[in-house]
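**Student:** Residue strings, one per chain:
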Amino acid sequence: MLRVSALTTETEIDLQGVNGNAASAAVGIDCGAELVAFADAIAYRKTEDLADSRKRLLDVGGAEVVVDAAGVAANFQRMVRIADSTGIPVDDMEMEVGKEVRAALDLTRFASAQNTLNPA
Amino acid sequence: MEAFSFAQSPYPIRDDIPQAYRNFWQRLASPGSWWTGDERVAIAQESRSALKCQFCIDRKSELSPYTFKGEHSHDGKLPATAVDAAHHIITDQGRITRAWIENNSDSGLSKEAYVELVGIVVAVFSIDEFHRALGLDLEPLPEPMPGEVSRYRPAHISEDMGFVPTVPPDGAVGNESDLWEGSRGANVIRALTLVPDALRDWREIAAAQYLSFHRMTNFVQDDNRSINRMQMELVAGRVAAINECYY
Numbered sequence: 001m002l003r004v005s006a007l008t009t010e011t012e013i014d015l016q017g018v019n020g021n022a023a024s025a026a027v028g029i030d031c032g033a034e035l036v037a038f039a040d041a042i043a044y045r046k047t048e049d050l051a052d053s054r055k056r057l058l059d060v061g062g063a064e065v066v067v068d069a070a071g072v073a074a075n076f077q078r079m080v081r082i083a084d085s086t087g088i089p090v091d092d093m094e095m096e097v098g099k100e101v102r103a104a105l106d107l108t109r110f111a112s113a114q115n116t117l118n119p120a
Numbered sequence: 001m002e003a004f005s006f007a008q009s010p011y012p013i014r015d016d017i018p019q020a021y022r023n024f025w026q027r028l029a030s031p032g033s034w035w036t037g038d039e040r041v042a043i044a045q046e047s048r049s050a051l052k053c054q055f056c057i058d059r060k061s062e063l064s065p066y067t068f069k070g071e072h073s074h075d076g077k078l079p080a081t082a083v084d085a086a087h088h089i090i091t092d093q094g095r096i097t098r099a100w101i102e103n104n105s106d107s108g109l110s111k112e113a114y115v116e117l118v119g120i121v122v123a124v125f126s127i128d129e130f131h132r133a134l135g136l137d138l139e140p141l142p143e144p145m146p147g148e149v150s151r152y153r154p155a156h157i158s159e160d161m162g163f164v165p166t167v168p169p170d171g172a173v174g175n176e177s178d179l180w181e182g183s184r185g186a187n188v189i190r191a192l193t194l195v196p197d198a199l200r201d202w203r204e205i206a207a208a209q210y211l212s213f214h215r216m217t218n219f220v221q222d223d224n225r226s227i228n229r230m231q232m233e234l235v236a237g238r239v240a241a242i243n244e245c246y247y
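Residue numbers (the numbering used here), protein chains in the order written: chain A, 1 to 120; chain B, 1 to 247.
Please keep in mind that the hints were generated in silico from the structure rather than gathered at the bench. C-beta atoms are modelled at their ideal positions from N, C-alpha and C, and glycine is treated no differently. Some clues are possibly wrong.
Pairs of lysine-lysine, DSS-like flavour, derived with a Cα cap of 25 Å [claimed, not checked]: (1) Lys52/B / Lys77/B; (2) Lys111/B / Lys69/B; (3) Lys46/A / Lys60/B; (4) Lys46/A / Lys52/B.
Listed next, the stretches of chain A that the computed footprint assigns to chain B, with coverage defined by at least 3 CB atoms under 8 Å from CB atoms of chain B [as the list claims (entries may be wrong)]: (5) 12–22; (6) 27–33; (7) 46–56; (8) 76–85; (9) 88–99.
Make a model of the complete structure from these sequences and hints.
**Tutor:** Rendered as structure tokens:
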């Protein structure tokens, strides 16, 4: 979806932001580094980093950005668990944009890749 | 005080978020398709307890979660298989297998009950994560309401993908006609459809926290969001990567 939204808006981005690279996250995306730091603190359950990353996002983006980013992070904490706990495969492995993203991010390293690549 | 008032929040919270949470809290307390109100609230409690469960912490570091023996921290209101399922979904979802779900089914946790449990666990977890992200206290769980389970099963069910039966892409008809109207039945949308109300729950919460199905087709910026779609997807992608989710 990140790649699709970048293509739609003709924005140059660096997908390695998804893998946690702060400099990459900032390419073409407003508050990208701060958004990734906030997402990291939430998903890694880094309690000690959460308040700091939230403050940094507040400073650069404002309160509404903090709330909307928290909502998205909370939503995807749920979505990944729905996907993995029901073993659903990727819908269309032939889509070029999907192939590109999976290769760029080396997603086959994840155990749950087997739900698509080698379903039991 | 009304649930999810966010009176202590230092941040302005859109009205649709507490409304979606309140609606879910009401459904959480009510009898479901396969679990009573008492059981559903107990499952919600296990969604919270999992994060503090020492057995889960120890098991996570094991090569396989299925050979490590021990006992979860829990309050005894649910069968052991249900407690294990709730904790596994929260703390180690990437290593859930079809065989584990089949074994649970043989041990009394039917696939229907499992799917409803998944829906409860992840909805509560997601609502709690929103609170934790903003440094807010968690909402107390609702008081269970009495009543019988419906044992509702959709008319059209397929076993063409994943670990559990689902409504097929062309099966959203009759009582299920609302499930993905105006949208295709993507696998992640179909995932919980063995219990259609579980999808309805996630759909309403997702519309508030992220985007509705209809608004997902806008890849630029939703009028009701302060962050554009790239910013949303960067956060979504990062969370998915940390959770090692291939989907």
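**Student:** Looking at the structure, which of the earlier hints fail to hold?
**Tutor:** The structure conflicts with no hint, since it agrees with every one listed earlier.
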